[in-house]
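Visitor: One-letter residues, chain by chain:
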Amino acid sequence: MTRWTKPGQRVLSAHAWLFFLFLYAPIMMLVIYSFNANTVSMMTWSGFTFDWYLRVFANLGLISSDRAFVGSENLQLYSDPALGRSLKSTLIVGFTSATLATIIGTLTAIGLDRYNFWGRKAYQAFLLVPIVIPDIVLGLALLVFLSAISFPLGRISVILSHTIFLSSYVTIVIGSRLAGMDRSLEEASADLGARPLTTFRRVLLPQLTPALVGGFLLALVISFDDLVIAFFTSGVGSTTLPVFLFSAIKRNVSPEINAIASLMIFVSTAIVALALFVRRPKTTEN
Amino acid sequence: MSRMKSLLAAAFGTAMVALVTPASAADQLNLYNWTVYINPEILTDFTKETGIAVNLDNYGTNEEMLAKIQAGATGYDIVFPSVHMQDIMTTLNLLQPAGIKDMKGYENIDQKYFLSKTDTDHNNCLPYNRGSSGLMYNKKLIGDTPVDTWKVVFDPPENLKGKIAMLDDMRELIGAALMYNGHSINSTDPKELMEARDTIIKAKPYWAALLTDGIGDKVVNGDFVVAQWWSGTVIQTMDTKPDVIGYAIPKEGTNGFQEDMCILATAPDVDSAKKFFEYMMRPEVNAKNTNWLRGWSTNKAALPLIDKALTSNPSIYPDDETFKRLQVLSDVGDKIKLYDKVWTSVKSQ
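As you go down the protein sequences, you meet chains A and B in turn.
Each residue of the first sequence is one higher than the last, beginning at 1 in my numbering.
Each residue of the second sequence is one higher than the last, beginning at 1 in my numbering.
No lab work stands behind these hints: they were computed from the structure.
We put the beta carbon where it would ideally sit given N, CA and C, even for glycine.
There may be inaccurate statements among the hints.
As the list claims (entries may be wrong) - Under 8 Å between C-beta atoms, here's a sample of chain B residues computed to sit facing chain A: (1) Thr35; (2) Asn58; (3) Asn181; (4) Pro205; (5) Gly222.
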């Protein structure tokens with residue numbers, strides 16, 4: 001192990017702190033300004049309010065929207081139900097496609113790692129294609145394909161398209177975990193008379209859990225973030241949040257967006273925390 | 001094994017069909033519109049009155065919408081292209097005539113707003129809403145510099161240098177320079193375009209930024225004093241700070257844009273779409289929408305019902321004299337390459 005000199009250690013820890021500051025300061029700003037009562041300038045503090053959050057909930061139909069919120073006089077800016085609808089769409093698309101991609105990606109990775117078959121190398125190479133080709137090419141190709149087979153564009157077409165390219169990411173995450181895993185445990189399990197399914201469930205899957213969680217979260221985040229593929233493959237009633245926000249560029253964007261972003265950060269932090277909690281080391285190690 | 005396979009295939013096939021087959025809906029109208037470009041309330045009112053459900057999806061630019069429709073996206077009934085995009089779409093057979101001329105309410109529409117070159121008999125699309133790209137300014141900080149000219153941004157006085165924002169949009173910015181030099185916003189003359197390039201490059205050091213969003217805040221704060229921006233968003237900012245924000249249309253001319261409401265050739269529900277057209281031509285509906293859009297209505301019967309703060313402002317509802325100075329962006333075809341060249345050299349300076 002490398003030993004660091006005292007000044008060296010200080011520089012290293014200063015670097016780490018600066019790095020975290022650089023990473024988290026903008027996010028903290030966003031969370032703070034999501035409570036800003038200023039309706040004109042998002043970046044000038046003028047008082048504390050929960051109204052942006054209440055508006056998001058009202059737009060999602062979770063609470064009634066009878067009461068007057070901050071900025072009620074500016075009707076156009078602050079009463080667009082499309083914002084809530086697109087958020088809902090993004091969440092549905094993200095969770096469904098990440099789940100499907102995790103299942104498909106995991107099975108693909110196991111198949112590629114454990115079995116030898118004709119065309120395996122080529123298959124592995126083709127798996128990378130959705131990651132390396134530009135989104136716009138993939139998006140347009142998917143749209144042309146979907147309309148060629150007259151598949152109706154809608155939420156399902158976005159979910160399927162996301163599943164396709166997210167599966168590649170998950171396969172790679174799971175594949176690298178599989179490559180580093182000790183195969184003798186599985187062999188021992190088989191030796192002791194466990195059926196393949198039992199081995200998969202009791203030996204392979206627990207070892208894969210960190211990669212599964214990682215792959216799922218990665219897929220979820222990429223899906224939330226995707227603009228181009230969602231734009232091309234979405235149809236009637238399936239505008240996602242990035243598509244909505246990008247197309248809102250000619251207009252003023254409501255400060256509700258700070259609240260939505262904070263909620264998304266909160267939700268993803270909660271998911272990660274939950275994942276860590278589930279995977280916490282057991283006290284009775286055996 | 002092969003039986004297993006065919007079973008799986010059958011199950012998969014059934015599942016796909018179940019997923020794909022749309023629920024047999026009652027009347028449903030699907031709009032494909034710019035983001036934040038229609039009052040959600042008039043849509044719910046329409047549903048209440050007719051029982052036709054309305055669904056709204058959004059796009060951000062004409063080109064995005066065209067790419068999607070051209071690639072075969074179906075399901076939408078009505079789109080809202082800008083006038084030049086309407087012409088392109090008509091040429092590509094992507095639209096079908098709505099038959100506006102014979103509809104109830106046609107007489108409410110001001111004839112001067114039928115601008116499309118491919119729709120001279122006023123049969124295809126309904127003029128929906130207008131706006132302009134002019135100069136938004138901070139009344140308190142502008143001093144006595146005249147803002148009704150492009151000179152204020154291309155050759156600014158000392159106190160405005162570094163306090164100017166221009167649109168990060170190829171046609172808008174090059175168009176502004178062309179008009180400042182006395183040419184058409186749709187010029188395809190290489191000499192005029194090179195001149196526009198030089199005008200922009202000379203003025204660029206005086207500008208704080210090229211942007212398309214977040215401009216309003218900064219003019220209110222005084223970070224910018226003058227900014228080229230779209231009128232609809234300017235008025236939103238003006239509503240909240242009427243004593244600070246002003247808007248001017250440069251006397252050399254500017255881009256007066258207009259979106260029209262059209263029925264797609266592939267529209268699944270033409271009857272509902274036509275009902276929606278007649279509904280939108282009613283003065284009270286148009287006024288309700290225009291007040292929400294902070295827009296420029298094309299419906300002359302609706303004018304008395306529209307917010308006086310809008311109709312009494314000559315920069316938002318210009319007189320005939322000013323109206324003539326507004327130019328309409330049109331498709332320049334292959335010559336867009338000249339614009340690309342100017343844009344690249346402007347952006348890389």
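Visitor: Look at each hint and say if it fits the structure.
Guide: Evaluation of the provided hints:
no.	hint	verdict
1	Thr35	holds (4 Å)
2	Asn58	holds (5 Å)
3	Asn181	violated (26 Å)
4	Pro205	violated (26 Å)
5	Gly222	violated (11 Å)
Hint violations for this structure: numbers 3, 4, 5, all remaining hints satisfied.
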